[in-house]
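Using my numbering, the letters of the sequence shown map in sequence onto residues 1 to 179.
A hint or two may mislead.
[Said to hold, decoys possible] Computed list of lysine-lysine pairs in DSS-like fashion (alpha-carbon distance at most 30 Å, straight line): (1) 24 to 133; (2) 145 to 60; (3) 24 to 145; (4) 133 to 162; (5) 60 to 24; (6) 47 to 24; (7) 162 to 24; (8) 162 to 47; (9) 133 to 60.
[Unchecked claim] DEER-style ranges, computed between Cβ atoms: (10) 39 to 121: 26 to 34 Å; (11) 108 to 55: 27 to 35 Å; (12) 123 to 17: 29 to 37 Å; (13) 144 to 83: 20 to 28 Å; (14) 76 to 161: 26 to 34 Å; (15) 55 to 75: 42 to 50 Å; (16) 116 to 24: 19 to 27 Å; (17) 80 to 59: 38 to 46 Å; (18) 146 to 59: 18 to 26 Å; (19) 60 to 36: 40 to 48 Å; (20) 50 to 109: 30 to 38 Å; (21) 87 to 133: 15 to 23 Å.
None of these hints come from the bench; they were simulated from the model. Just so we're clear, the structure is a prediction, and the values are computed from it rather than from any experiment. Glycine included, each C-beta is placed from N, C-alpha and C at the ideal position.
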Amino acid sequence: MVESKHLKARLSLPKIGSPLERVKRWLEVSQTAAGEGYTGHDAMIPKILSLESVTFEPSKQHPHNARTVFSFEVTDELCNMTGNLHGGAVALIFDMTTSTALIAASSEAFWDTGHVSRTLNCTYLRPAPVGTKVFVENQVVHMGKRLAQTTGLMRIGSPDGKVCYTCEHGKAAVGSSSL
Numbered sequence: 001m002v003e004s005k006h007l008k009a010r011l012s013l014p015k016i017g018s019p020l021e022r023v024k025r026w027l028e029v030s031q032t033a034a035g036e037g038y039t040g041h042d043a044m045i046p047k048i049l050s051l052e053s054v055t056f057e058p059s060k061q062h063p064h065n066a067r068t069v070f071s072f073e074v075t076d077e078l079c080n081m082t083g084n085l086h087g088g089a090v091a092l093i094f095d096m097t098t099s100t101a102l103i104a105a106s107s108e109a110f111w112d113t114g115h116v117s118r119t120l121n122c123t124y125l126r127p128a129p130v131g132t133k134v135f136v137e138n139q140v141v142h143m144g145k146r147l148a149q150t151t152g153l154m155r156i157g158s159p160d161g162k163v164c165y166t167c168e169h170g171k172a173a174v175g176s177s178s179l
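Build out the structure end to end from the sequences listed, making use of the hints.
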């Protein structure tokens, strides 16, 4: 059994720094928890992810315009019996990485206390075989007071490669409520 301090560290979002620093901190905390004995369903994902980029470019039309890009290599542990990225692994990777776009767009007292999934809709277009490098692009579509929507794309081989998987991810903010 893992000590609760590890789980608390995984659940607390980075609240300081630039969008890039906050996402890097999330990845570091997640990797550290996995390295210190956290064995939950999602423990291996932060260990395989490489952060490629974080952008936050708010505008009047889109005040929470944030995007994150990760890459990873499809390993045997992530594959189904046919040697392709497992659908459950696709959903888990999207669940975790699309959430980082919200971390990039968060600010003090706005989406800084954590969030949970409401919906996660994945579409599987083509397989990603073992050994393939995959790029995961995530973007904030909308962030309201309590609800948010993100999207994700996985591309094979390069940041502009063929799309193999897509997702829409609905999130709800948690923490103290003013209701």
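Do the hints match the structure? See the list:
1. Annotation: proposed proximity of residue 24 to residue 133 holds, straight-line Cα distance about 21 Å (limit 30 Å).
2. As the CA atoms of residue 145 and residue 60 are separated by approximately 17 Å, the hinted pair is consistent with the 30 Å bound.
3. For the hint linking residue 24 to residue 145, the alpha-carbon distance of about 24 Å falls within 30 Å, and the restraint holds.
4. Taking the CA atoms of residue 133 and residue 162, the gap is near 12 Å; set against the 30 Å cutoff, the hint holds.
5. Between residue 60 and residue 24, the direct Cα distance comes to roughly 27 Å. Compliance with the 30 Å bound is thereby established for this hinted pair.
6. Note on residue 47 and residue 24: the hinted pairing holds, with a Cα-Cα distance of about 13 Å set against a maximum of 30 Å.
7. Taking the CA atoms of residue 162 and residue 24, the gap is near 27 Å; set against the 30 Å cutoff, the hint holds.
8. With a C-alpha separation of about 24 Å, the suggested pair residue 162 and residue 47 falls inside the 30 Å cut-off, and the hint holds.
9. This hinted pair does not check out: residue 133 and residue 60 have alpha carbons roughly 36 Å apart, beyond 30 Å.
10. Against the hinted window of 26 to 34 Å, the Cβ-Cβ separation of residue 39 and residue 121 comes to about 28 Å, which satisfies the hint.
11. Between residue 108 and residue 55 the beta carbons are some 20 Å apart, a value that contradicts the proposed interval 27 to 35 Å.
12. The beta-carbon spacing between residue 123 and residue 17, approximately 34 Å, falls within the hinted interval of 29 to 37 Å.
13. The beta-carbon spacing between residue 144 and residue 83, approximately 41 Å, falls outside the hinted interval of 20 to 28 Å.
14. Checked against the given bound of 26 to 34 Å, the beta carbons of residue 76 and residue 161, roughly 21 Å apart, lie outside it.
15. A hinted range of 42 to 50 Å is violated for the C-beta pair residue 55 and residue 75, which are about 28 Å apart.
16. Distance hint for residue 116 and residue 24: a CB-CB separation of about 22 Å, consistent with the stated range 19 to 27 Å.
17. Hint check: residue 80 to residue 59, Cβ distance near 41 Å, so the stated range 38 to 46 Å holds.
18. A C-beta distance of roughly 22 Å is found between residue 146 and residue 59, which places it inside the suggested range of 18 to 26 Å.
19. In this structure the supplied range 40 to 48 Å holds for residue 60 paired with residue 36, their Cβ-Cβ distance being about 44 Å.
20. For the pair residue 50 and residue 109, the supplied restraint of 30 to 38 Å holds, since their beta-carbon distance comes to about 31 Å.
21. Between residue 87 and residue 133 the CB atoms are about 19 Å apart, so this pair conforms to the stated range of 15 to 23 Å.
The structure is inconsistent with the numbered hints 9, 11, 13, 14 and 15, although it conforms to all the rest.
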